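Protein chains: 2
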Amino acid sequence: MKQDWKLKFAQNIRNYEGYSIGKLFKLLRDPDLISLAGGLPSPDIFLRDEMRLASQHCLDYEIEKIMQYSDITGETELIEAVIEFLKEDGITISEKNIVITTSGQQGLDLTGRLFLNPGDSLILDRPTFAGAIVAFQMQGPVFGGVKITQDGSDIEGIRHKIIDLKQQANMPKFIYVVPDFQNPSGITMSLQKRLALLELSYDYDIPIVEDSPYRDLRYYGESVPSLYSLDQKGNGANVIGLYTFSKLFCPGMRVGFNIGPEEVIAKMTNIKEGSTLNTPKYNQDICTAFLQAMDWQAHIQKCRLYYREKLEVFLSALEDYFPQETGVTWTKPHGGLFLWITLPQTMDTAELFYEAVKYNVAFVPGEVFYGENPEKNHMRVNFSYPSKDQLVEAVKRLSDCIRNRLNL
Amino acid sequence: MKQDWKLKFAQNIRNYEGYSIGKLFKLLRDPDLISLAGGLPSPDIFLRDEMRLASQHCLDYEIEKIMQYSDITGETELIEAVIEFLKEDGITISEKNIVITTSGQQGLDLTGRLFLNPGDSLILDRPTFAGAIVAFQMQGPVFGGVKITQDGSDIEGIRHKIIDLKQQANMPKFIYVVPDFQNPSGITMSLQKRLALLELSYDYDIPIVEDSPYRDLRYYGESVPSLYSLDQKGNGANVIGLYTFSKLFCPGMRVGFNIGPEEVIAKMTNIKEGSTLNTPKYNQDICTAFLQAMDWQAHIQKCRLYYREKLEVFLSALEDYFPQETGVTWTKPHGGLFLWITLPQTMDTAELFYEAVKYNVAFVPGEVFYGENPEKNHMRVNFSYPSKDQLVEAVKRLSDCIRNRLNL
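Chains as they are written, first to last, in the numbering used here: chain A, 1 to 408; chain B, 1001 to 1408.
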């Protein structure tokens, strides 16, 4: 007798589909298609030779250890290197405030599992990172979304949302934000808003989860202090920081780290034990080499110049191909890998996606970036992976597709 | 204001402590101490040169791809190699029946998350693998434990437990077993019991989760067909198989695989997406090389001879140092890495552990291998990692410690 599997699955999982971007990607295998849908760093800036050297070092001197089980919390050398790395960004922590994760996605998953019972609420921007939504979704939470503005999260909107949820006896478990070059919008939160968000966090005793994958990829202007560092100057223990080596060094190692108050990190480490045990030492050691032997500052400087050029080409193509009559607008990020395009309200980018594929161009429909009640007329576009020529050609194709749809 | 973190944590997690073995290990750092507590394969049999060659190949030919994101399901080459590997063990599957996992522990976690709502029940042996218990525990389930017997799970006991739970309107979501050289007991399930367990699974429409980390490490006798292969000959879709490269090749890669019905694997892949994204391609490619370039059959043959010698030394030392008057008994496994020692009923091995550390020897107290109501007078001992001399010395120390406690 065949099992009726779906009925056996846990309720939160029964209709869970993971990352819907992934499924769209299967449509994008035509080599003539230019995809702005990915979030991939460019292999042009991968530190190949340095990666080879770091691997070789492990194989020469650590072979037995990289083949064995290792510590759940992470390798001491990597933890020490990360502590130094964060110090340069104004964050002072000890080894009790950090757990190495098997990717930034695991960092998010540990957060969701640590805090969320089914039905618990959390606060997040509208739109926000789809990977965070899919991680938290497995816990069956209530998403309290608040529309983001040009200078970051809408703090007063969040205050009202908290009051609303409090009245429903469902005080939010945490506030999730990506303050620097947010995925998908590219928006950066102003210093004033960071301070106001922290105040809000203290007022209502709600932790902030600060996701920082792109923080070092700034192409214009001055760095704004992280929420974590501002919290350390203030009340001191309300922020949990999520980091990854994916955008800094490369995604293939699947190594990241979470930082936060000792109790939080201890419990996240327990959850990591139960869900994956240790992060591979080999992969961690290569990330240690990135921070210690590869001159990461020079690498990041190179990435900044490389990606800024692409962003400039991309923004200029948008100006050329989307004149005002189209009603199309977009964000102008100061860093990161993405920008957010808004089409006239009548358009549905989930439908447009299939049309765009016919024009050999792709993006991510904006609806995946909402915890609930998605807006339909936005799209996320990536400018880090395609070449500059491809970026221009992609914008042209996108413009043809949209103008055709708008009968312009 | 400092957060009262514990109150904010999710209910299932608030008192969750992960793998309690891990915490004990921190007491075992004295170099004079001989630990029988671990579950580590011996580095003596690591394929170091082959590991170096496989890494080198990736660095020479796949550098860009191993540094980039990769497919969630797993690398096609590894999936194909695993399909061939399983074929030699009588299992025929297609690529839709397999997902590569970021370790066997993740395989367990995906299983728990897929099936278990808080309060849902599952069936497991008493004792059973502590790593499975800690993975499932995060979902807040009811453990329906049934005492294992010398030839494997107590099938009639399980039938009664199912009827009990059914009457409580809490039909078990699955039956978890480690049929080959079970961790911690070393017990192997007989063919007759495997067939009976499958019948039970069909009768009550309850899936079986077959965890097979040690299956190839058989030192005596003939291999018994896996539940998965027997199910394929019968009704065909009631078994989910969990595998890892940790004991076969090495634990450091953190690569495993789950096999099962297409719907189950698709949903597990979704959960994997939300919790870690892809398994690192570098680590997967090295495992592919293990199956394709490293003559794994010869390696396993070598492991068998190597570990059998250690098991023989260990069993003979137990005979020498625990005469009948001590009332101490132990299992005599045909494979795997562990055996299970039972002390007189009055003894509590969790207390004895600290005493044993004073004698410079360690084991895992048996209580961690029970989902509920732990028995106190057992211990798990590992014979794969210490040298033969250390094994004899460890048994001698253990005997001194226990005899002293028993006033013998």
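Check each hint, because a few of them may be wrong.
Just some of the chain A residues that point at chain B, by a computed CB distance under 7 Å [claimed, not checked]:
(1) 83
(2) 87
(3) 91
Here are the simulated DSS-like pairs of lysine-lysine, each with C-alpha atoms no more than 25 Å apart in a straight line [unchecked claim]:
(4) 8(A) x 1233(B)
(5) 1008(B) x 8(A)
(6) 1065(B) x 166(A)
(7) 1166(B) x 23(A)
(8) 6(A) x 1233(B)
(9) 1166(B) x 96(A)
(10) 302(A) x 1026(B)
(11) 1358(B) x 388(A)
(12) 1358(B) x 1026(B)
(13) 1006(B) x 233(A)
(14) 1161(B) x 6(A)
(15) 23(A) x 302(A)
(16) 6(A) x 1166(B)
(17) 233(A) x 332(A)
(18) 8(A) x 1358(B)
(19) 1376(B) x 1388(B)
In case anyone wonders, no lab produced these hints; they're calculated from the structure. Fair warning: this is a prediction, and the values are worked out from it, not measured in the lab. We treat Cβ as the ideally placed atom computed from N, Cα and C, and that holds for glycine.
Hint check:
1. 83: Check failed: Cβ of residue 83(A) comes no nearer than 21 Å to chain B, outside 7 Å.
2. 87: violated (23 Å)
3. 91: Violated - the Cβ of residue 91(A) stays beyond 7 Å from chain B, reaching only about 18 Å at its closest.
4. 8(A) x 1233(B): holds (23 Å)
5. 1008(B) x 8(A): Given pair residue 1008(B), residue 8(A) is violated - Cα atoms ~30 Å apart, limit 25 Å.
6. 1065(B) x 166(A): Distance of about 48 Å is beyond 25 Å: violated.
7. 1166(B) x 23(A): violated (38 Å)
8. 6(A) x 1233(B): Distance ~24 Å between residue 6(A) and residue 1233(B) Cα, so the pair holds.
9. 1166(B) x 96(A): violated (45 Å)
10. 302(A) x 1026(B): violated (43 Å)
11. 1358(B) x 388(A): violated (67 Å)
12. 1358(B) x 1026(B): holds (14 Å)
13. 1006(B) x 233(A): At roughly 24 Å apart (the allowed maximum being 25 Å), residue 233(A) and residue 1006(B) satisfy the hint.
14. 1161(B) x 6(A): holds (24 Å)
15. 23(A) x 302(A): Between residue 23(A) and residue 302(A) the Cα gap is close to 33 Å, so the pair fails against 25 Å, i.e. violated.
16. 6(A) x 1166(B): holds (19 Å)
17. 233(A) x 332(A): Violated: residue 233(A) and residue 332(A) sit about 31 Å apart, past 25 Å.
18. 8(A) x 1358(B): Not satisfied, since the Cα-Cα distance of roughly 49 Å exceeds 25 Å.
19. 1376(B) x 1388(B): violated (28 Å)
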